[in-house]
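One letter stands for each residue in the lines below.
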Amino acid sequence: MMTSLYRITVIGRNTLTEAVRQKVLSVLLIFALVLVGSSVLVSEIAGGLDASSLFEQQIKFVKDFGCGAIGLFGFAIALLSTAQLIPQELHNRTIYTILAKPVRRSEFLLGKFFGIVLLLALCVALMSLAFAAALYWQEQLGLAAVDAADTQIPNWQQNPTLVSQYHNDVAQIYQQVRDPQLIEAILLLFMKLVMTTGIALLISTFASSSIFTIVTTFMIYLIGHMESTAREFWLARGAEMSIWQSGLVGFISLLIPDMNSFTIVDEILAGNHVPWSHALNLLGYANAYLIVLLAVSIIIFDYREL
Amino acid sequence: MTEPYFPIGKLVGIAEIGRMESSAPLFAVETTGLTKRYPLTWKRKVLVALDHLNLQIRSGEVFGLLGPNGSGKSTTLKLLLGLIVPSEGEARVFGLPPDSLDARRRVGFLPENPYFYGFLTGDETLRFYGKLCGVAGAALDRRVEELIELVGLQNGRERPLRSYSKGMLQRIGLAQALIHDPDLLFLDEPTAGVDPLGSAQIRDLILRLKKMGKTVIFSSHLLEQVQEVADRVAIFSLGKKVLEGSLESLLTERQSTQIHIAAELSTEQEAKLRQALGQAGLDSAAIQFQRPQLSLEQLYLRTVQAQSEAAAKGAPKP
Amino acid sequence: MNATLPLRQRLRRALLLAAILGLWAPFKILWEQEIGREQDFLRYHGTVMTRQLRDDLGQGLTIGVLSGMRNVVADLIFVVNVTIAWENEEWFRMGSYINLCTVLQPRAPVFWDVGGWQLAWNASVAAAHDPRQPNELRRIKASRFWVDKGLDVYKRGIENNPNYWRLWADTGLLYQQRLKDYRNAAYYYQKASELPNAPVFYERFPAIMYEDAGDDQAAYAAWKALWLRLTPEQKEKKEHWKEKIKASIRRLEQKLSIPKEKRVFPN
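Residue numbers (this note's numbering), protein chains in the order written: chain B, 2 to 307; chain R, 15 to 332; chain U, 20 to 286.
You may find that some hints are simply not true.
[What the hints assert, rightly or not] Here are the simulated distance ranges between beta carbons:
(1) K57/R with E306/B: 25 to 33 angstroms
(2) G239/B with L42/U: 16 to 24 angstroms
(3) A122/B with L42/U: 23 to 31 angstroms
(4) E163/R with L223/B: 28 to 36 angstroms
(5) D148/B with N182/U: 52 to 60 angstroms
[As the list claims (entries may be wrong)] In silico negatives: residues of chain B with every beta carbon more than 12 angstroms from chain R:
(6) F76
(7) L127
(8) W157
(9) V164
(10) A231
(11) R238
(12) L295
If you are wondering where the hints come from, they were derived from the structure by calculation, not from laboratory data.
Just so you know, even glycine gets a beta-carbon here, dropped at the ideal spot from N, CA and C.
Kindly produce the complete structure, drawing on both the sequences and the hints.
Take a look at the structure:
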């Protein structure tokens with residue numbers, strides 16, 4: 002058991018080393034550019050009733066664009082690096098040398114999977130740092146604007162209403178920028194990426210090319226966003242449908258993961274309260290799904306002819 | 015990059031490399047009726063990649079698999095490594111199923127045209143494979159030193175493998191196959207694409223491994239090399255083993271005899287010899303005198319080696 | 020792919036996979052339904068709007084496809100399309116873009132808040148000064164049309180985000196300043212003042228609104244309620260706004276001729 006874990010660790014770390022040395026992380030520079038660009042864009046345009054409402058808008062936009070970009074770049078990294086894994090190993094013949102050693106196929110596959118998960122964790126952590134910096138910049142802009150707007154009347158400190166307004170505006174900016182729920186949002190985003198990795202890994206265990214893996218995973222990802230609609234439709238009216246319709250919608254409901262539930266992140270970013278209990282429920286679901294994905298991947302890969 | 019210390023490795027240690035010599039079976043490799051068929055779905059045909067192979071290879075033998083491309087050599091090796099499942103028949107490695115971890119602890123493999131991980135250095139490559147075999151800590155350090163020395167890759171230790179030449183890749187491949195000190199080595203075309211000097215080094219290495227008591231099974235279509243190292247060979251064609259035996263029994267021509275004289279003969283001496291042989295009852299028409307010729311390979315090796323030895327003695331190259 | 024495997028192994032694998040998926044599928048569906056139920060509440064607070072909204076979304080499959088990036092799409096429409104329509108003074112176009120954003124993200128109060136402001140103030144003021152419309156009555160009518168549109172956006176926003184004080188406060192401001200409906204303004208200010216994060220001074224707005232409406236009884240009641248809520252220590256401590264409350268109460272007690280024994284400040 003311990004030796005098995007050790008081998009998984011060795012393969013996982015090697016996978017991470019590979020990604021880092023192949024300069025996958027340089028993709029994140031583009032991420033930083035997108036983030037800075039969108040922040041500048043939203044502070045240029047956008048109008049509002051007063052300074053604090055204007056900044057509420059801008060902070061929402063930066064949060065949405067930041068998390069959207071984390072999701073998009075993470076998705077690209079997860080999908081492309083997972084789809085390449087096995088074809089690359091076959092092409093370089095490394096898979097033969099590894100499996101000729103006392104290494105189980107399941108250990109190989111799990112090592113690869115955790116290597117990608119480590120890579121994603123690293124990327125998401127770095128992107129989150131850039132995101133935090135963009136938010137901090139937006140906060141400083143907001144505070145400066147509130148300063149300028151609320152303190153323009155001479156002797157405003159003597160006017161209790163103005164003082165109260167000022168403190169309220171500052172507090173609101175802090176509340177929106179330093180929202181601890183953002184950690185929850187990023188954790189859910191990360192989990193969505195890990196799910197994508199799991200799906201791509203499963204496809205790649207029987208795919209004969211990485212293009213097939215990429216296209217299929219992408220389709221499942223998209224259908225996954227509609228799974229909840231399909232599922233409710235099927236549960237409510239499955240009996241009234243024709244066999245073919247019911248079969249198709251039922252197949253989607255029974256097998257495709259519910260990716261749409263992760264869009265609850267939007268609610269967090271819009272400033273609405275999403276309790277940790279719900280996030281943990283969703284994370285639990287995703288982890289259970291991952292275990293199934295990995296189990297199926299291992300079974301298929303175990304029987305695969307290399 | 016030096017690998018950080020990893021405590022689990024210590025627990026595993028080299029002890030994990032199991033030895034079962036006490037109950038050693040007679041054969042390192044044994045196959046009975048081993049068959050592999052690939053259905054060609056589009057053509058509605060079945061390709062028989064390997065057809066009822068019976069093979070017995072004793073421990074300590076150097077065994078050559080010969081045959082044209084697509085004759086079943088690589089399929090045989092993949093079956094013996096458990097990378098593919100036989101359609102029929104059975105293979106055993108040291109009496110164990112080939113896909114069992116115990117079998118693979120005793121087996122090393124060098125695939126055909128390996129690339130390995132281009133981003134790792136020679137040192138890191140060996141450490142990676144060593145850890146997979148449960149070799150760790152000081153034992154791994156020692157082993158890496160030995161193998162770098164053995165395959166002569168001192169100049170490639172710190173270089174990433176993507177900058178390696180073909181010969182260097184084959185040598186690092188041999189080193190990784192040996193990292194856990196296996197008893198049986200599978201080498202798939204170990205000299206393909208390697209220059210004559212490099213391939214001569216690989217040949218010498220196989221001979222050294224043989225002296226160390228390892229069993230080596232290799233495939234090649236460079237027949238001269240096979241001849242130099244193999245004890246026994248099998249020739250494959252269209253998935254079937256068509257001939258098998260020891261080189262001596264297969265290659266000795268019973269109808270002729272060679273006499274080797276380490277000196278140049280004068281015409282006079284030659285005439286006397288003919289006379290003497292005639293007196294021994296041999297038909298003079300069946301006697302030929304020839305100067306042995308160097309093979310081009312031998313000439314090449316002599317020249318290149320002499321050159322590099324001279325360079326090593328003189329001023330070191332920049 | 021694995022067609023070369025012996026039939027027995029293929030069968031075993033198929034059975035194993037079928038068993039895993041067969042066991043997982045019912046759990047998966049039940050779990051997802053549970054998550055869905057929690058999210059219905061988190062996303063829409065279970066308001067009446069929920070079903071209508073979901074029907075709107077269900078019509079366009081594209082929205083479903085884009086749902087992974089729904090918030091970014093909404094933001095881009097708001098930042099780019101709404102702003103361009105605003106600059107070109109294309110008010111109907113702007114209104115429909117604002118509507119699209121609120122349909123995409125009904126729980127993002129910013130869209131309702133800024134969208135309502137765009138319609139009730141920017142569109143309405145522009146219509147009131149439209150140089151292409153010489154008829155003043157028509158200009159007034161058009162101006163009022165946009166105020167009503169903005170008010171509608173505010174109110175739908177409140178339905179979706181009842182705990183967001185700014186929507187209530189801005190509706191109050193609209194009633195007060197553009198519609199001169201001080202009673203309604205008082206109601207919305209009152210609601211705003213009761214919500215978390217609202218600036219404290221909003222609690223005095225309803226009383227002022229009632230005074231502006233000329234309803235001295237209601238104004239008196241509102242001021243009195245504010246004063247009576249204070250603890251004795253708070254009453255002692257002199258502050259600008261407390262003086263204002265005190266003065267208002269005194270003035271209204273005089274004006275309404277409240278009997279001495281019922282007054283807060285008998286002297």
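Subject >> Numbered hints the structure breaks, given as an ascending list >> reply: 1, 4 and 5
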